[in-house]
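The whole structure should be built from the sequences, with the hints applied where relevant.
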Amino acid sequence: MGIDHQPVEQWFTTAVPNVSLPLSFSLLAGGRSNLTFRVVDAQDRSWVLRRPPAGPLAPGAHSMEREWRILSALQASAVPVPPTIAFCADPEVTGAAFYVMDHVGGTVIDSAKNASLLSHSARHRLGSDIIATLADLHNVDPGVVGQPQVARTRSYVGRQLDFWMRRITSSGAPRTPEILDVHELLCRAEPPQRWNTLTHGDFRLGNILVAPTGTIEAVLDWELWTVGDPLADLGWLTAWWNIAEDDGWIPRRAASFPSVSELTSRYQQLTDRDTSDLPYYTSFALWRLACIAEGVYERYLSGVMGRPSVPLDVLAARPRELAAAARAELA
Numbered sequence: 420m421g422i423d424h425q426p427v428e429q430w431f432t433t434a435v436p437n438v439s440l441p442l443s444f445s446l447l448a449g450g451r452s453n454l455t456f457r458v459v460d461a462q463d464r465s466w467v468l469r470r471p472p473a474g475p476l477a478p479g480a481h482s483m484e485r486e487w488r489i490l491s492a493l494q495a496s497a498v499p500v501p502p503t504i505a506f507c508a509d510p511e512v513t514g515a516a517f518y519v520m521d522h523v524g525g526t527v528i529d530s531a532k533n534a535s536l537l538s539h540s541a542r543h544r545l546g547s548d549i550i551a552t553l554a555d556l557h558n559v560d561p562g563v564v565g566q567p568q569v570a571r572t573r574s575y576v577g578r579q580l581d582f583w584m585r586r587i588t589s590s591g592a593p594r595t596p597e598i599l600d601v602h603e604l605l606c607r608a609e610p611p612q613r614w615n616t617l618t619h620g621d622f623r624l625g626n627i628l629v630a631p632t633g634t635i636e637a638v639l640d641w642e643l644w645t646v647g648d649p650l651a652d653l654g655w656l657t658a659w660w661n662i663a664e665d666d667g668w669i670p671r672r673a674a675s676f677p678s679v680s681e682l683t684s685r686y687q688q689l690t691d692r693d694t695s696d697l698p699y700y701t702s703f704a705l706w707r708l709a710c711i712a713e714g715v716y717e718r719y720l721s722g723v724m725g726r727p728s729v730p731l732d733v734l735a736a737r738p739r740e741l742a743a744a745a746r747a748e749l750a
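Start counting the sequence shown at 420; every next residue gets the next number (this note's numbering).
In case anyone wonders, no lab produced these hints; they're calculated from the structure.
Wrong hints could be hidden among the right ones.
Using C-beta positions, here's what the derived DEER-type ranges look like [said to hold, decoys possible]:
1) Arg-457 / Pro-436: 14 to 22 Å
2) Ala-448 / Pro-727: 40 to 48 Å
3) Val-459 / Pro-510: 21 to 29 Å
Cβ atoms here follow ideal geometry from the backbone N, Cα and C, with glycine treated the same way.
Quick look at the structure:
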C-alpha cells in the first residue's frame with residue numbers, strides 16, 4: 420500500500436497537532452505517479468499524505484521536498500493550495516520522504532457526471548476562476564521558492580522538446596512516426612521565450628478541486644512545477660479544454676463553459692501578456708500528450724501495465740490523433 424501504519428501513526432503524534440489515534444489510511448490516487456492517501460483520525464478529522472510510488476525511482480524524480488517547497492511558498496499567495504501541515508524527510512518512517520496537508524473539500528470536474536453537479540452560473544464562474552488562478556500563479560515572484568529568474572541558454576520549451584524526444588526514442592524509433600515529424604516542426608517554429616515565471620506543468624481541470632459555486636478550492640499535483648514559460652501552462656490548459664475525457668466529455672462543448680478564445684482573452688486581460696503565439700504552445704502541449712500516449716501504448720503492449728480498459732487499437736490510434744491535432748495547430 421505504501422504506508423507503514425505504526426511508524427506513521429507515531430510520527431503523526433509528534434508532528435500533527437491534536438491528532439487522535441488510531442488512524443485510517445485510504446489511497447486516493449496512485450500508480451506511476453506520487454501516491455496520495457486520505458488519513459482520518461478517531462475524531463473524524465482528515466488530512467492528505469503524499470509520498471513517492473513504491474519501488475526504485477529515477478534520480479531526481481518524485482521529490483517530496485520540491486512539492487512541499489512550492490506548496491509552502493504559495494500559502495500566502497492568491498493561488499489556492501491546501502494548507503501544509505508537516506514534512507517528514509526520514510525514509511525510515513515509511514520507506515520514503517512524505518508530507519501532510521489539510522484535506523480540502525471539492526470536486527474534480529473531469530467528467531460529464533461531475534460537470535453536471537455545477538449550475539450554469541457555477542460553470543461560468545469556474546471558467547473565470549481557472550484563468551484568474553493561472554494568472555495569479557504566473558504573477559508570483561519565483562524568488563519566494565528560492566528560484567530567482569535567471570537567464571538560461573535554452574528556452575523552457577526547447578528543454579522540454581529535448582527531454583520528450585530523448586524519452587520517446589530511448590528504446591528506438593517510436594511506433595508513431597508522426598511524433599517525429601511534429602517534433603521537427605515545433606523545433607523550427609519555436610517562438611522566443613519572453614517571460615520566466617512559476618509554472619505548474621499540469622494545470623488543467625483534472626488537477627483542481629472546485630466548490631459547488633464554481634470557485635476553485637485548491638490546485639493539486641505540483642510534481643512538475645518549475646520556473647518556465649507561462650504560455651506553456653496556458654497552452655496545456657487550452658489543449659485539455661478541447662480533449663475528450665474517458666467518458667467523452669469535452670469542456671469546450673459543455674454548456675456555459677467558456678470557449679478557448681474566451682479563456683485566452685481573459686488571460687491576456689489579467690496579465691497584459693501577448694498570447695498571439697498560443698497556437699504554438701497548444702501544439703506543443705498536444706505533441707507532449709502524443710508522447711505520453713505513445714508511452715502508455717508501449718507499456719500496455721509489453722504487458723507491464725496489465726490489461727487496458729480500452730482495445731489496444733484504440734490506444735495505438737491515440738498518439739496519431741494527438742500528433743495530427745498538434746500539426747493542425749501549426750497550420
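Hint check for Pro-727 and Ala-448 - Cβ pair distance inside 40 to 48 Å
Since the Cβ atoms of Ala-448 and Pro-727 sit about 19 Å apart, the hinted range of 40 to 48 Å is violated.
Does the beta carbon distance between Val-459 and Pro-510 stay inside 21 to 29 Å, or does it fall outside?
Since Val-459 and Pro-510 have Cβ atoms about 24 Å apart, the given range 21 to 29 Å holds.
Can you let me know if the beta-carbon spacing of Arg-457 and Pro-436 is within 14 to 22 Å?
holds (18 Å)
Going through the hint list in order, the structure does not satisfy hint 2, though it satisfies all others.
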